[in-house]
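Peer 1: Just add 4 to the spot in the sequence shown (first one is 1) and you have the working numbering.
Read the hints as simulated data drawn from the structure, not as lab findings.
Careful: at least some of the hints might be erroneous.
What the hints assert, rightly or not - Listed below are the simulated SDA-like cross-link pairs for lysine to any residue, each with C-alpha atoms no more than 25 Å apart in a straight line: (1) K141 x D237; (2) K236 x T173; (3) K236 x A262; (4) K236 x G136; (5) K202 x A213; (6) K124 x Q160; (7) K114 x D164.
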Amino acid sequence: MAPNDKPSKPLPKDKEKRRRELERLKYQRQAEKRAQSVVRARKRTAVVGVAVVAVAGVAGGAWALSGSGSKTKPVAASSASPKATASAAAVHVQGCTTAAAGTPGSKQWKAEPAMSIDTKASYTATLDTNCGPVTLKLDAANAPHTVNSFVFLAGQHFFDHVKCHRLTTGGLSVLQCGDPTGSGSGGPGYTIPDENLKDTALKGGTYPAGTVAMANTGQAHTGGSQFFLVYKDSQLPASYTPFGTITGGLDILQRVAAAGTNNANGTGDGAPLQSVVMNSVTTAKG
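Generate the whole structure from the sequences, applying the supplied hints.
Peer 2: And the structure:
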């Protein structure tokens with residue numbers, strides 16, 4: 005205490021009681037304000053959550069099997085919850101390992117490559133993924149532009165280190181790959197025409213298990229580099245060029261599908277929980 009300070013006198017009992025009552029009321033008001041702030045914050049979060057789901061519902065149709073250059077943004081990343089994302093790191097499907105070191109390329113082309121394949125010959129492709137090889141038989145005779153583009157892009161190492169960014173489960177059962185950006189809207193810079201849409205295998209609105217087909221933006225002739233692998237019979241209109249069949253590795257796709265997606269809105273449409281990366285893609289004639 006400083007030399008000139010005088011000790012404070014205690015307040016009378018009634019004034020002390022009033023002071024305490026005022027402090028209690030002040031504390032109560034502050035607590036109520038904090039509680040109201042929390043409620044408002046929760047309401048904002050709920051609205052945002054509903055908005056995300058609504059966007060997911062709209063974009064899901066427009067983005068369905070989107071291919072080259074689609075401006076519709078995928079919803080998988082924005083709708084994944086932290087819990088689901090954390091779980092993704094822990095998922096390990098039998099046979100899957102860490103992907104080979106490397107990053108996807110970014111080369112683009114202004115036009116579809118010139119026809120260089122022999123449409124009367126047989127072509128095969130091998131997707132060397134971190135979960136094992138998936139082998140394909142390509143249908144050059146009935147989908148020449150598509151197979152020619154696929155062979156060209158594989159030869160350019162366009163698919164190397166590209167992650168399969170989308171898995172769907174339920175009525176639509178496909179793993180979608182071929183976008184080096186991983187966003188669902190990337191492509192090679194050019195588009196190719198639709199082909200083979202009258203394939204008898206597509207009758208009845210079903211793409212049979214084992215089909216390899218091109219994705220697109222929902223508009224005709226907008227295929228690019230994105231393709232999908234059908235691991236179970238899927239109901240789809242005949243709008244996506246079938247250009248091959250899976251000859252090996254269908255069991256790999258089914259195991260990956262069984263692990264599920266990271267989509268928290270329950271639609272079964274998002275990035276696969278078990279990451280699938282194409283370490284390399286090679287093709288061969290004969």
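Peer 1: Each of the hints needs a verdict: does it hold here or not?
Peer 2: How the hints compare with the structure:
no. : hint        : in the structure
1   : K141 x D237 : 18 Å, holds
2   : K236 x T173 : 9 Å, holds
3   : K236 x A262 : 12 Å, holds
4   : K236 x G136 : 19 Å, holds
5   : K202 x A213 : 17 Å, holds
6   : K124 x Q160 : 23 Å, holds
7   : K114 x D164 : 20 Å, holds
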